[in-house]
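> Sequence:
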Amino acid sequence: MAPINAEQQAQVLDKTQATLALAEREYGREFPAIPVFFDLRGRCSGMYRVKGRERVIRYNPHIFAKYFEDSLVTTVPHEVAHYVSDCLYGLRSIRPHGDEWRSIMEVFKADASRTADYDLSGIPTRRQRYFDYRCPCQNHRLSSRRHNKLARGEVIYNCRQCGESLGFVAACQVGA
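Everything in the sequence shown is counted per this note's numbering, starting at 32 for the first residue and increasing by one.
Among the hints, erroneous ones may be present.
Unchecked claim - With a Cα cut of at most 30 Å, we get these calculated DSSO-like pairs of lysine-lysine:
| no. | residue 1 | residue 2 |
| --- | --- | --- |
| 1 | Lys82 | Lys140 |
| 2 | Lys140 | Lys180 |
| 3 | Lys140 | Lys46 |
| 4 | Lys180 | Lys82 |
Treat the hints as calculated values from the structure; they're not laboratory data.
From just these sequences and the hints, can you work out the full model?
Structure representation (structure tokens):
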């Protein structure tokens, strides 16, 4: 399935700005413009990301292409609500889909469910890669994220049974 076209991207950007303008009217304050990207891959239709001082909304163009109307009315307000709740309350003091976020979704008159139940056949998704590790008492399978943290020396993982550190054995199949 091809990702959304330029006209559809413009509609998503307009909906994002309109939803943000609604929040500004409701809360009586301005929210800084937020960059929007159509570069998300995988199983999520949208993501509000904070990295340092940078805040962005990312949309999955493939899921939007397959479920455009539904994504427009569910995913866009969902991600804008995360941004607004961050601006109003900060990220550390609230749960991601907690009461504050839900109240913002009510302002947007949007469904406050956390995930959509889409059929993702035909959508390019990344399959997780796993790595085998071993301790004296058993085998362990770690995701690529945990494997990479171990390889960079950022963490040490110990077995919950014997308490010994895990040692790398081999790369494993994808998605197993």
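> All the hints need checking, so say for each whether the structure fits it.
Taking the hints in turn, this is what the structure says about them:
1. Lys82 / Lys140: holds (29 Å)
2. Lys140 / Lys180: Roughly 41 Å between the alpha carbons, so the hint for Lys140 and Lys180 is violated.
3. Lys140 / Lys46: holds (14 Å)
4. Lys180 / Lys82: holds (18 Å)
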